[in-house]
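*Asks:* In case you want the letters, here they are:
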Amino acid sequence: MLTELNIRKFLAPEIIFGDGAIELLGRYVRNYGAGRVFIVTDQGLVQAGLLERAQTILAAAGVDLVVYDKVSPNPRDYEVMEAAELYHQSHCDIIIALGGGSPMDCAKGVSIVSANNNHILTFKGVDNVEIPGPPLICLPTTSGTSADVSQFAIINNTEERVKVAIISKTMVPDLALLDPGLTLTMNRDLTLCTGMDALVHAIEAYVSSASSQLTDLHALEAIRLIQRSLPKVLDNLNDVELREQMMLASLEAGLAFSNASLGAVHAMAHSLGGLLDLPHGECNTLLLDAVIKRNYEAVPERYDRIGEIFGVQMQGIAPERRAQAVAEAVLSFKRQLGFESGLDKRGVRLDDITLLAQKALADPCMVTNPRRFELADIEAIFKEAL
Amino acid sequence: MTNHSASGDSWDDLKDAIVGLGERSVRKSYYPELRTKIRDLDEQRIFFRSTLNSIPDGVVVMDADGVIKQANPALCTMFGYTPEELVGQPQTILYERDGEKFRHADFPTDWSRRFLRKDGAAFLGETMENEIYDHEGKLLGTLELIRDRTDQLFEIRRQRQLEEQLRQSQKMAAIGTLAGGIAHDFNNLLAAILGYAELALLKLPPGVALQREIRQILKAGGKASELVNQILAFSRKETTKRILLQPGVLLKEVIKLLRGTIPSTVTIQEQIAVTDRVILANPTQLHQVVMNLCTNAFHAVEDNGGEIALAMEIVRKAIPASQEEREWIKISVIDNGCGIDPANIDRIFEPYFTTKPSGKGTGMGLAVVHGIVENHEGRIFVESVKGEGTTINVFFPVVTGIETPQIQPESQSLVGGSESILVVDDEQMVADYLKSFLEQLGYTITVCNDGNAALLAFERNPQGFDVVITDQTMPGKTGFEIARTMLAVRPELPIILCSGYSSALSPERVTKAGIREFMMKPVSLHDLAPVIRSVLQEEAS
Chain Y
131 MLTELNIRKF LAPEIIFGDG AIELLGRYVR NYGAGRVFIV TDQGLVQAGL LERAQTILAA
191 AGVDLVVYDK VSPNPRDYEV MEAAELYHQS HCDIIIALGG GSPMDCAKGV SIVSANNNHI
251 LTFKGVDNVE IPGPPLICLP TTSGTSADVS QFAIINNTEE RVKVAIISKT MVPDLALLDP
311 GLTLTMNRDL TLCTGMDALV HAIEAYVSSA SSQLTDLHAL EAIRLIQRSL PKVLDNLNDV
371 ELREQMMLAS LEAGLAFSNA SLGAVHAMAH SLGGLLDLPH GECNTLLLDA VIKRNYEAVP
431 ERYDRIGEIF GVQMQGIAPE RRAQAVAEAV LSFKRQLGFE SGLDKRGVRL DDITLLAQKA
491 LADPCMVTNP RRFELADIEA IFKEAL
Chain Z
135 MTNHSASGDS WDDLKDAIVG LGERSVRKSY YPELRTKIRD LDEQRIFFRS TLNSIPDGVV
195 VMDADGVIKQ ANPALCTMFG YTPEELVGQP QTILYERDGE KFRHADFPTD WSRRFLRKDG
255 AAFLGETMEN EIYDHEGKLL GTLELIRDRT DQLFEIRRQR QLEEQLRQSQ KMAAIGTLAG
315 GIAHDFNNLL AAILGYAELA LLKLPPGVAL QREIRQILKA GGKASELVNQ ILAFSRKETT
375 KRILLQPGVL LKEVIKLLRG TIPSTVTIQE QIAVTDRVIL ANPTQLHQVV MNLCTNAFHA
435 VEDNGGEIAL AMEIVRKAIP ASQEEREWIK ISVIDNGCGI DPANIDRIFE PYFTTKPSGK
495 GTGMGLAVVH GIVENHEGRI FVESVKGEGT TINVFFPVVT GIETPQIQPE SQSLVGGSES
555 ILVVDDEQMV ADYLKSFLEQ LGYTITVCND GNAALLAFER NPQGFDVVIT DQTMPGKTGF
615 EIARTMLAVR PELPIILCSG YSSALSPERV TKAGIREFMM KPVSLHDLAP VIRSVLQEEA
675 S
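Sequences listed follow chains Y and Z, in order. Its first residue numbered 131, the first sequence is counted upward by one per residue in this note's numbering. Its first residue numbered 135, the second sequence is counted upward by one per residue in this note's numbering.
Simulated from the structure, these hints should not be mistaken for lab results. Hints are not guaranteed to be accurate.
From the structure, some residues in chain Z lie toward chain Y, with a derived Cβ separation under 7 Å [stated by the list, open to error]:
#1 148
#2 152
#3 153
#4 156
#5 159
Just so it is clear, the structure is predicted and the values come from calculations on it, not from any experiment. Heads up, the beta-carbon is just placed ideally off N, CA and C, and yes, glycines get one too.
Chain Y extracted, bound-state conformation (with noise of 0.2 Å):
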């Protein structure tokens, strides 16, 4: 209801910007009255020796911590208990989340286990956690996923083979430690599908029906600092500049979904991880142009202006053909930065489609699309992008 009076809140948790940041840490743990730090974290980060780096920095800080560093791409309910158990076994009393999404979400999750002592899956849907965990400090060593600012926690139901997102203002995480060096260490493929992730999350916020002035802001300055950055550190990795951009990006894209929340692409793209087990990102862009096309209509004037970011004037166009100029754009994007489209290349097949569909339906990503879908739109949206 306050939604459609046009009232907003926005919410960001305590960020630290700028190369070296990390040092920090042993700081804002010492300040948070920590007695034994809980780290979790993937093995990825922890060959990269970035554990170590804030294993160094927490020695120097004389503070005691405890590891978990088995969390898996797209984390499992069952290692949450695992860690969270772990947590409680050893008395830690803060969390530092380091690694992308993955490590990150897994944190959330260990920080309201604990607190509320149930079962991970028990607060799945928005608004479901009574105490709100310990203090959470995240080190995003990606820049897309914007879970170190963000409510969500994206969780795979094993049993069910699905992913359920939970989401809830207590796990807005308390201290949002951005490195841009602390991105170095991922490859082009995963610079590449963090950084579509991004661009997604600041296309769906913008065009969300929850937006505001206050998030378009973020949203517009994320679409144009990726449109800018993205093409050139996917061929200068190791730039620590354009590292921030894609970094500031990032957070601009989650600060504005954070409060805009998202729309119908995460919401499929939440079905479709939960089937194929893919990278979210990867997801995401897989998805985006379709959905624009049938979302257009709802937002027009917002979705012209992404096209203008991306190049296309939108003026010369005429109004029936824009819809299909801006998702071209995006699809030009892509393209341009050598993503191979087709859903049917990821191993999706025709059967799969009514059950994906069914499932993005009850996404709650979906409530905020700009257009109100029918269990068939979105099929069709998945076969276009087969």
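Could you slot chain Z onto chain Y? The hints should help.
*Replies:* Then chain Z, alone, in the frame of chain Y:
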């Protein structure tokens, strides 16, 4: 829809919640949880503190180094400190420095010790100490529980004192019973000896040489009789006539007497309170008590000179063994003489116990005093310090609600008459001498040797006798029984009841039965003659 909490809610409500505008879309905040925890902690703190504060025993908590961290109000009251004064002090501040020297059979040192109050006063307390450990077994400190045992110590001492007093009084009672029994038999024999000696003397023509020998018999017998009376007085079996009197007058007489007889090296102080309080006492016995005590006091100061004080005052207190608070007349005889050896103090009231040289004391003085005082429902206490002097305090219960009667002057004359007297005594010897003596005084005497014979004689001619003198203890009917039978017929008949030893008869009972006089055996003829006259006069008036 995966959102279960919002199922049934409108699409709009769900949308509100997703963007953080829902009813329950709260930002992470520890405040509510913190507030709950703080409140819980506060409640716990208040609960534990209230619990500690409500413990009636003193509780003090020390850290591992023995420094006081906390003390409950009971402990603060017990020691006279404020909690602030105690916190930070070593726990030894509460202990008497050489408290371990304290020894008491009822308070072993494993659970009792001497504690020290802030004002420096020490007290005996029960103590329990326990170590406090945290959940990991680390020693946090110790907790000590202290209970003030002053009252108990006092109670135990008082109990001991009472037991001692009871033992003493039981011992005195046993001695009294024994002495009383002997005195009774002795008395009957003395009655015959004295009676016949008096009779022999009366029969002898004046100037006969044998008179001297008989007088010696009478003199020795008289002394023996006096001794028996003393023993009876001590054994409390003697029944004497008591009157209401103000002891002050009597005490002043004693002082007058003492001043006349005691050498000037001994000064006599007098502190007699002026009072209208009276006691129920036999004046002769009271005189005897005071004289005896004063004589002892004089003996104590005799050698080196000194001071004797005779004091009397009214006190209101509860005296051990009687407990109930009441008014007493306290008579104190105080000397600053040689004092009593502590080893002897428990024995001074025993008959024949004396420390005086042979010939100077009989050992009966204080025994008689004790008997008389006890017989008057009074109490006697001795305080003495060897070499410094002795104080003897005698307490007599004040009698209330009765007017003071005039002390009767005693008649001493040996007057006879012509009336008819019935003498009843089972001992022929006694009966015979009474008959002889009374006949000499002009009376007509009828003798009966038992109650039945006496009653028979009385029934034959109830108006035939003017006075009846009867022994109490006889085979068959007692003197008291026949007296009652006779009085039923002739209520105005004067009867004199004589007894050597009778615990069953009290002067009150005798008087109540209508018997005019009650006399203790051996009955002196000189005593008997005026009594006979007096009962006859009463009857005539």
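*Asks:* Now look at each hint and say whether the structure bears it out.
*Replies:* Hint-by-hint comparison with the structure:
Using the Cβ-Cβ criterion of 7 Å, the hint placing residue 148/Z at the interface with chain Y is satisfied: the shortest such distance is roughly 5 Å. Given the 7 Å rule on beta carbons, the hint for residue 152/Z holds: about 5 Å separates it from the nearest Cβ of chain Y. The restraint placing residue 153/Z at the interface with chain Y holds, with a minimum CB-CB distance near 4 Å, inside the 7 Å limit. Residue-level restraint check for residue 156/Z holds (minimum Cβ-Cβ distance to chain Y is 5 Å; threshold 7 Å).
The beta carbon of residue 159/Z is positioned within 7 Å of a beta carbon in chain Y (closest approach about 5 Å), and the interface hint is therefore held.
The earlier numbered hints are all upheld by this structure, with none contradicted.
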